[in-house]
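Got two chains here, each in a separate frame; can you build the complex from them with the hints?
One line per chain: the protein sequences are A and B, in this order. Here our numbering = 1-based position in the first sequence + 10. Here our numbering = 1-based position in the second sequence + 148.
There's no promise every hint is true.
Stated by the list, open to error - Anything over 10 Å on all C-beta distances counts as not near chain B; from chain A, calculated:
1. Thr61
2. Glu118
3. Lys171
4. Asp224
Claimed, not checked - One side of the interface only, derived from the structure: several residues of chain A facing chain B at Cβ under 10 Å:
5. Ile41
6. Gly43
7. Asn65
8. Ile76
9. Ser89
10. Tyr90
11. Leu110
12. Tyr136
13. Val139
14. Ile140
15. Asp150
16. Tyr180
17. Ser243
These are computed hints drawn from the structure, not numbers from a lab. Even glycine gets a Cβ: it sits at the ideal position worked out from N, Cα and C.
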Amino acid sequence: MSGFNKVVSTYEQAMAGLQDDMTIIAGGFGICGVQQGLIEQIKKSGVKGLTIASNNCGLEGYGLGILLENQQIKKMISSYVGENALFEKQLMDGVLEVELTPQGTLAEKMRAGGAGIPAFYTATGYGTVIAEGKETREFDGRHYVLEEALQGDFALVRAWKADTFGNLMYHRTQRNFNPMAATAGKITVVEVDEIVAPGDLDPDEIHTPGVYVDRVIQTTHEKRIEFRTVRESQA
Amino acid sequence: MALTRQQIAKRVSQELKDGYYVNLGIGIPTLVVDYVPDDMAVMFQSENGLMGMGPFPTEAELDPDLINAGKQTVTCVTGASIFSSAESFAMIRGGHIDLTVLGAFEVDVMGNIASWMIPGKLIKGMGGAMDLVAGARNIIVTLTHADKHGNSKLLQSCSLPLTGVGCVKKVVTDLAYLEIADGRFYLRERAPGVSVEEILEKTAGEVVVAGDVPEMDL
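One chain only, chain B, in its complex shape (with noise of 0.2 Å):
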């Protein structure tokens, strides 16, 4: 069975450590929140100035001035620090955040991904995903492997504009965990039940299948 979204996050939880300062991106990556282990101390960054982000605010604690980066309104967990943009943007391309998590529409096996623009169809615009992907020492990109007309998201090489070039390393998809190295995509876990085949029919770029590939632990 391919993976919930939120099983996806829960899977990504898993390479999460006691100590971490995590910049999660919006959709799939914000669940991640839910999922951090009892056991374990992480901060969340939202960049658009707040390093220990909480849970959204009760009626009582509703503050306008107080927002995460996808405009929510939100809190500030027990040892929190508020910034200007230039320093929260300083913590990532300095490489002081741990780990940065986001979203993406294609990703390819020189570790090249695009999030941010459909030619002709969509401009959001890439908001701080092309600082993120610059500056981050360990970036996972979770997507679905593949759209809904069966279309593989990880590719030989990205069809649409980029966001970065040579930096993903991880992908959490809903069929599998997938490392990047040496051009290649690198198959090192399966969700639970699906197949390595169904995994190889729909990824689009080369990948290297080494041994037995388990099923992820969730």
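This is chain A alone, in the form it adopts within the complex (with noise of 0.2 Å):
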């Protein structure tokens, strides 16, 4: 009676099957909601010519930018190169490939994905370079564009709080592409600060259901902060 039972307890098993040139959709925005247990892995694992969808690709050093350093990744689907040096040069050198896929899209492209929609409309990148090449089309006299949907063989989630049927709580702005990379995933893997019993989480506070997920391990890794600001507390 373990069927719902998602959790694992390396990162070995966490991203067990995992292969060259797989296609990896990834929560996270910036370094905020980013699974570092798990993408540690793949670049101990060394799969290569992967395709990696996600808004950033991390730092110099953290988060997807590892593997980016380690030459793992053949192609990313991203809409913001900035802040990261590497990203950015590896891009005008065309070393990497890059699909820059406006942040919008690139989330309902994440949803379409898991929710069986194959393909939809939308007004975002209609007259731009976006569009060239795709589908467009007029509805009530406003121009959109056919984009289409993304799926992965494996989809990396960041979360607070996951059950052990794989039930998630995500906290704060950690949230961001997170619920959408569980749906679009073959294997979801979620790394979360903290596992809990089934029935300890609120039914209706659950952000995203276990049917979605796959594979659940606790983090053993600490979170960073790319632009710390703050501001004096008052006396």
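Encoded structure:
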């Protein structure tokens, strides 16, 4: 009777089955809500030729940036390259294939991929290079671009709490792309701060139902801050 | 005198209304937060999934899981909400955000905007800007009127890759406030002490000057 127990105890188990040339959908915005333990395991595994859909590509030495440094990534599908000089350099040099995708379109591509919707129309990017080569259509006098859904062999998710059944809650803006990523992987792996017993999370407060989740691992990594901005506390 | 970044933000703040949900881009738009009139309640959206962004945290409040779209640590105001990126862009794409303020490299008389790429020089990516300009009902673009060599950024036709087409209706620069309609810029206000002649000289796109152009009330 452990059919719903998704908990694994090692990062090797968490990323078991990952192979060269696979596609990964990863949650995270900047380095908030990124899956550091799972990413370090990917680095350790040495798999190559990965296609990764993630809003950003981490920083040098942190997040997906470490896979960039290790040249394990063939293609990134992202909205923002800034803040990672190596990303920008590999893109400018043509070493790395990059499909720049508007942020909302990227989120919706993941959502659609997980929801069984093969493509959708959006006004975003109409009349720009993003729309080149894509089907467009007019609805009610406005122009829209047909964008195709994204699915991954693996999805990487960072959450706050999970129960052993894989029901998830996120903390603050750690949520970002993680709920959509969770739905869009053939194998969805979640790294969490805390694992609790089924029933400890109120069903009304679950952000991602465990039905989407295959593996859960308790993190051993500290969170980092990209831009630490603070104000003086009032005396 | 040309406006400072803060003065541009202050002029933009005059477009705020009580009860507005607002998205501010990176750069000058971010400064608008400091000029919300005291008698007005405004909620700021951060497109990574926060409505009701508050000031920077104190050391005690610092939370790596609470950041804005510029990746800076922030706080939530009372009444804030947190949501996914898909929901965030549903708000934007669905036209639920009352005002969007963003920076740009160029704008033109057709309301086109270029803000995300300079071929061969700079590729940062568009982030959420393409979604914002496609979805917002009310967009204000802030930029300096001309570059440091005096080349106008208010053009007849944008030269850089576009972020969006036909979407900009209001522009606040360091020299003027202009509106865009019928394929022209309409000069509505000038920065204090800046002449209409100087503005015309630094505007490459067609400009209409109707009657006296008042100075901004800052």
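Under the criterion of a CB-CB separation shorter than 10 Å, is Val139 of chain A in contact with chain B as hinted? 5 Å, holds
Claimed clearance of chain B by Thr61 of chain A, with the beta carbon kept past 10 Å: 17 Å, holds
How about Ile140 of chain A: closest beta carbon in chain B under 10 Å, or not? 7 Å, holds
Please verify that hint: Asp150 of chain A, Cβ, nearest Cβ of chain B, below 10 Å or not. 13 Å, violated
So, Ile76 of chain A near chain B? Judge it on the closest CB pair being under 10 Å. 18 Å, violated
Holds or violated: is the Cβ of Gly43 of chain A closer than 10 Å to a Cβ in chain B? Check passed: Cβ of Gly43 of chain A comes within 7 Å of chain B, closer than 10 Å.
Given hint Tyr180 of chain A near chain B, where the shortest CB pair must fall under 10 Å: 8 Å, holds
Measuring from the C-beta of Asn65 of chain A to each C-beta in chain B, is the shortest one below 10 Å? Constraint on Asn65 of chain A satisfied, holds at 7 Å.
Can Ser89 of chain A be said to touch chain B, with a Cβ gap under 10 Å? Holds, because the Cβ-Cβ distance from Ser89 of chain A to chain B comes to roughly 5 Å (cut-off 10 Å).
Decide, holds or violated, for the assertion that all CB atoms of chain B are farther than 10 Å from the CB of Asp224 of chain A. 20 Å, holds
Would you check whether Ile41 of chain A satisfies its interface hint, that is, whether its CB is within less than 10 Å of any CB in chain B? Hint holds; Ile41 of chain A Cβ to chain B Cβ min 8 Å, cut 10 Å.
Hint Tyr136 of chain A vs chain B: min CB-CB distance below 10 Å? 7 Å, holds
Hints 2, 8 and 15, counting from the list given before, are not met by this structure.
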